[in-house]
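Student: Residues per chain, in single letters:
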Amino acid sequence: MSTRTSLDVRIGTGVPLLVADRVDPPTRHGWVGWVTTTDHKRIGILYLVTAFGFMALGGIEALLMRTQLAQPGNTVLSPQAYNEVLTMHGTTMVFLVVMPLWAGFANYVVPLQIGARDMAFPKMNAFSYWMYVAGGIVFYGSVFFSPPEAGWTSYTPLSSGPYIPGNGTDAWIYLIHLTGISSILGSLNIMVTISNMRARGMGWGRLPLFCWSMVAQAVMILLTLPVIAGAVTLLLTDRHFGTCFYDPHCGGSALLWQHLFWFFGHPEVYIMILPAFGVISEVLPVFARKPIFGYKAIAASSLGIAFLSMLVWAHHMFATPLPAIALAFFMLTSMLIAIPTGVKILNWIATLFRGSIVFRTPLYFAAGFLVLFTLGGITGVMLAIYPIDRQVTDTYFVVAHFHFVLVAGAVSGIMAALYYWFPKMTGRFLSERMGKLSFWLQFVGFLATFLIQHSLGLSGMPRRVYSYRADTGWGVDNLISTIGAFILATGVLLTLVNVMWSLRTGAKAGPDPWKANTLEWFAPSPPPAHNFDVTPVVRSVEPMRELRRQIRTAHRSGDGDE
Amino acid sequence: MASVAPRLPAVALITVIAYAFDCDFAAAGALLPERGGSPNADRIASLYTVVLILAAVVFVGVTVALAFALVRYRSTRSPTAAQIRGNTRLEIAWTVAATGLIVFIAVFSLTKFGAIEHPDRAEANPAAASEAGIGDAGHGVLHIRVVGRQYIWMFQYPNGATSFQEMVAPVGVTVELDISSRDVAHSWWIPKLGGKFDAIPGYVSHTWFRLERAGLYRGQCAELCGRNHADMTAQVRAVAPAEYARWVARQKRLIAAADRARDDSR
Ligand code: HEM
Ligand SMILES: [Cu+2]
Ligand SMILES: [Cu+2]
Numbered sequence: 001m002s003t004r005t006s007l008d009v010r011i012g013t014g015v016p017l018l019v020a021d022r023v024d025p026p027t028r029h030g031w032v033g034w035v036t037t038t039d040h041k042r043i044g045i046l047y048l049v050t051a052f053g054f055m056a057l058g059g060i061e062a063l064l065m066r067t068q069l070a071q072p073g074n075t076v077l078s079p080q081a082y083n084e085v086l087t088m089h090g091t092t093m094v095f096l097v098v099m100p101l102w103a104g105f106a107n108y109v110v111p112l113q114i115g116a117r118d119m120a121f122p123k124m125n126a127f128s129y130w131m132y133v134a135g136g137i138v139f140y141g142s143v144f145f146s147p148p149e150a151g152w153t154s155y156t157p158l159s160s161g162p163y164i165p166g167n168g169t170d171a172w173i174y175l176i177h178l179t180g181i182s183s184i185l186g187s188l189n190i191m192v193t194i195s196n197m198r199a200r201g202m203g204w205g206r207l208p209l210f211c212w213s214m215v216a217q218a219v220m221i222l223l224t225l226p227v228i229a230g231a232v233t234l235l236l237t238d239r240h241f242g243t244c245f246y247d248p249h250c251g252g253s254a255l256l257w258q259h260l261f262w263f264f265g266h267p268e269v270y271i272m273i274l275p276a277f278g279v280i281s282e283v284l285p286v287f288a289r290k291p292i293f294g295y296k297a298i299a300a301s302s303l304g305i306a307f308l309s310m311l312v313w314a315h316h317m318f319a320t321p322l323p324a325i326a327l328a329f330f331m332l333t334s335m336l337i338a339i340p341t342g343v344k345i346l347n348w349i350a351t352l353f354r355g356s357i358v359f360r361t362p363l364y365f366a367a368g369f370l371v372l373f374t375l376g377g378i379t380g381v382m383l384a385i386y387p388i389d390r391q392v393t394d395t396y397f398v399v400a401h402f403h404f405v406l407v408a409g410a411v412s413g414i415m416a417a418l419y420y421w422f423p424k425m426t427g428r429f430l431s432e433r434m435g436k437l438s439f440w441l442q443f444v445g446f447l448a449t450f451l452i453q454h455s456l457g458l459s460g461m462p463r464r465v466y467s468y469r470a471d472t473g474w475g476v477d478n479l480i481s482t483i484g485a486f487i488l489a490t491g492v493l494l495t496l497v498n499v500m501w502s503l504r505t506g507a508k509a510g511p512d513p514w515k516a517n518t519l520e521w522f523a524p525s526p527p528p529a530h531n532f533d534v535t536p537v538v539r540s541v542e543p544m545r546e547l548r549r550q551i552r553t554a555h556r557s558g559d560g561d562e
Numbered sequence: 001m002a003s004v005a006p007r008l009p010a011v012a013l014i015t016v017i018a019y020a021f022d023c024d025f026a027a028a029g030a031l032l033p034e035r036g037g038s039p040n041a042d043r044i045a046s047l048y049t050v051v052l053i054l055a056a057v058v059f060v061g062v063t064v065a066l067a068f069a070l071v072r073y074r075s076t077r078s079p080t081a082a083q084i085r086g087n088t089r090l091e092i093a094w095t096v097a098a099t100g101l102i103v104f105i106a107v108f109s110l111t112k113f114g115a116i117e118h119p120d121r122a123e124a125n126p127a128a129a130s131e132a133g134i135g136d137a138g139h140g141v142l143h144i145r146v147v148g149r150q151y152i153w154m155f156q157y158p159n160g161a162t163s164f165q166e167m168v169a170p171v172g173v174t175v176e177l178d179i180s181s182r183d184v185a186h187s188w189w190i191p192k193l194g195g196k197f198d199a200i201p202g203y204v205s206h207t208w209f210r211l212e213r214a215g216l217y218r219g220q221c222a223e224l225c226g227r228n229h230a231d232m233t234a235q236v237r238a239v240a241p242a243e244y245a246r247w248v249a250r251q252k253r254l255i256a257a258a259d260r261a262r263d264d265s266r
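Protein sequence lines correspond, in order, to chains Z and E.
In this text, residue positions in the first sequence follow the working numbering: the first is 1, and each later residue adds one.
In this text, residue positions in the second sequence follow the working numbering: the first is 1, and each later residue adds one.
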């Protein structure tokens, strides 16, 4: 159902443009319109709103855990409740918050950035969204019965055998199935859209970097989500139909699960972080008023990371019995992946050098991302050295490491994306004052919460413990971490308040508020259902630069006046 | 600001080095892994120290470069942006530099692994071993089986004795552990005695330690194994070799007596 563009005409602006000849179907109004929509922009907003709702739930769960851990021997949560909340938090944040938030931004932005009128398969797109909702409902339905409590990794035999009463693990399995369908179909859609529906003149070498990162993400999703879908199906049959894939008592292997899980689980980390890389690559050049430094290196390193991410999974298993050669292999591949990641960071900093930097909120989040994500990446290299890993894996050191990557990485990227694209989505700016305050609260709160956890891990505090004794000496660090978590949560809350407030009262943005480089800023804000009345011919990586210039000269010469 | 910036990395580096070397034990647990119980834990901590220093240099370098760019090139001070799209030579140079650093860390680490993974035979102490009553069959190495189950650790000694939750082991003797599980996955970890090794049903993990001085070394299960995972603690009591020999013999007698008493009462 692609847009058929046929005419190459010059409209009064003097800008070379393509006129589309398809007419929009009438859009329905009210909630029926939202439920039945197949418009990529509305689906994108549905994803974003739903996922921010789940973020509130996941955040409350995080604060519950941090409150329980604030002092030794606390009794806010029972051991069972702690494990339930822990499992709900991790699973929610991964499958119901970060992945769908990126699906939301990608849905909204990708077709606009490539000059398309919708996704390649709009109905399948809506189906993907509703599968995500179904997964969330099935999973949170378990709260009323018996929530899962085996952690977001659901290691066997704890999850496969008779060790946990209740059926919570089944709800977890169905969540993986349903959100898996959602993500796989969503990625197919993104792949086909980007491959086939780019505006005339937009070769692969002119594809915006956010789109490149979505291509890399789609490759990883298409290759690894089927594996976890299969793995949880085997878990389901082990649990209910007497099969024996993971049970050592009848010839199965408890480690098989770990291999299958992490073959998906490690790329999953990059599935969550690569779109953030894309956002940073869009935001930095716009606010430095300077082209991205090393476009090709950044695009290529996304693909390199996608490839390498599938060769490192057993670094999550260094404490299990593995042959020496496997240990060495997975250590070296894990270190290798630091190279494309490091190259990106250097390219981003070089983008800022000799620029003319405008300090708006998206830039704050992008800069915060650079500092904190670098730290998370560095501890990642340390974890690749397996004797070191064996001291700190499964401790708070690792909790700190992955929150640096996921919160300071993925969530900072999400915040930058929200402040950057909100004017496109709504026609209004988010408040800068609230935005900057929100950034500082998040930045300071984040450091207080997670920096200190490295020390907790080094001094022996394992992760996933509901409590600890006073004589361990972990009380002070834990209290600091809990206070930090509340500051961080206040910061996130302030952004939500900002969204509510700015929807009605925010300053009007106009189509091109940031003087940005990519085609979404050529459409009105918010864009009409068909996105573009006319799509321009793309002549460079930064089509908006020429368009702006041409529009300006056309206006000056007088023949473009309305 | 710009005048302080170049000095920052030096200051940070000195702080880290001071912490790492001077306040050896004070830093353990805050900046470095625990050490002081067994050579493998000490060697991991030393390796970690080197890696941490390199990591700190990289992190400080990146942060200073970023801070400098943000301060120096803000639009008020730098009204026009240079339109640069890249610099192939520079990009190749830093890719090579990053690769070099990674290769250095990998090779340096690999040279340290042997002594961490395997007990040094030359350092074995035959006198202590024979005092502890470990015959030549074990080549002076004491083998203890560690079995995890919800929610307690069981230890089986070569003479058939067992103990729960607390392992008793002789100072100066190399102890090798065979770690397994009866139910779900657990993870054996005493921070001062080295890294953790998972206890997985159907598999056996191996590790070792050699106690340097008498004392009590605490740890706890490090793999989520159910609701009482947090209470699955373990400790190793390091005693003189002769005391170990007495303890393990008495432990065997006590168990045998308890078994007889149970059989009689049936
Ligand atoms: C407000 C910010 C957050 C706080 C305070 C927080 C706190 C926590 C805490 C206390 C734990 C439990 C650690 C343990 O007992 O092992 C945890 C686990 C986890 N968190 Fe977060 N978290 C936050 C945000 C996030 C986000 C945004 C993600 C994104 C993906 C995330 C992913 C996870 C995962 C995967 C786990 C592991 C769950 C498991 O062990 O099964 N968290 N977090
Ligand atoms: Cu355990
Ligand atoms: Cu445990």
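Hints in this document: simulated from the structure, not taken from any laboratory.
Some hints here could point you the wrong way.
Unchecked claim - Cβ-to-Cβ under 7 angstroms is the rule here; a few derived chain E residues that face chain Z:
| hint | residue |
| --- | --- |
| 1 | Gly29 |
| 2 | Ala65 |
| 3 | Ala69 |
| 4 | Ser109 |
| 5 | His143 |
| 6 | Arg145 |
| 7 | Phe197 |
| 8 | Tyr203 |
| 9 | Ser205 |
| 10 | Gly226 |
| 11 | Ala230 |
As the list claims (entries may be wrong) - In silico SDA-like links for lysine to any residue, alpha-carbon gap of 25 angstroms or less:
| hint | chain 1 | residue 1 | chain 2 | residue 2 |
| --- | --- | --- | --- | --- |
| 12 | Z | Lys515 | E | Ala97 |
| 13 | Z | Lys436 | Z | Ala326 |
| 14 | Z | Lys515 | E | Ala82 |
| 15 | E | Lys112 | E | Ile92 |
| 16 | E | Lys112 | Z | Ala326 |
| 17 | Z | Lys436 | E | Leu101 |
| 18 | Z | Lys296 | E | Leu101 |
| 19 | E | Lys112 | E | Val57 |
From the three backbone atoms N, C-alpha and C, an ideal C-beta is built for every residue, glycine too.
Student: Next step is simple, just say for each hint if it's right about the structure.
Tutor: Evaluated hints:
| no. | hint | verdict |
| --- | --- | --- |
| 1 | Gly29 | holds, 3 angstroms |
| 2 | Ala65 | holds, 5 angstroms |
| 3 | Ala69 | holds, 4 angstroms |
| 4 | Ser109 | holds, 5 angstroms |
| 5 | His143 | violated, 17 angstroms |
| 6 | Arg145 | violated, 15 angstroms |
| 7 | Phe197 | holds, 6 angstroms |
| 8 | Tyr203 | holds, 5 angstroms |
| 9 | Ser205 | holds, 5 angstroms |
| 10 | Gly226 | holds, 6 angstroms |
| 11 | Ala230 | holds, 4 angstroms |
| 12 | Lys515/Z - Ala97/E | violated, 35 angstroms |
| 13 | Lys436/Z - Ala326/Z | violated, 47 angstroms |
| 14 | Lys515/Z - Ala82/E | holds, 16 angstroms |
| 15 | Lys112/E - Ile92/E | violated, 30 angstroms |
| 16 | Lys112/E - Ala326/Z | holds, 18 angstroms |
| 17 | Lys436/Z - Leu101/E | violated, 36 angstroms |
| 18 | Lys296/Z - Leu101/E | holds, 23 angstroms |
| 19 | Lys112/E - Val57/E | holds, 21 angstroms |
Violated hints for the displayed structure, listed by number in ascending order: 5, 6, 12, 13, 15 and 17.
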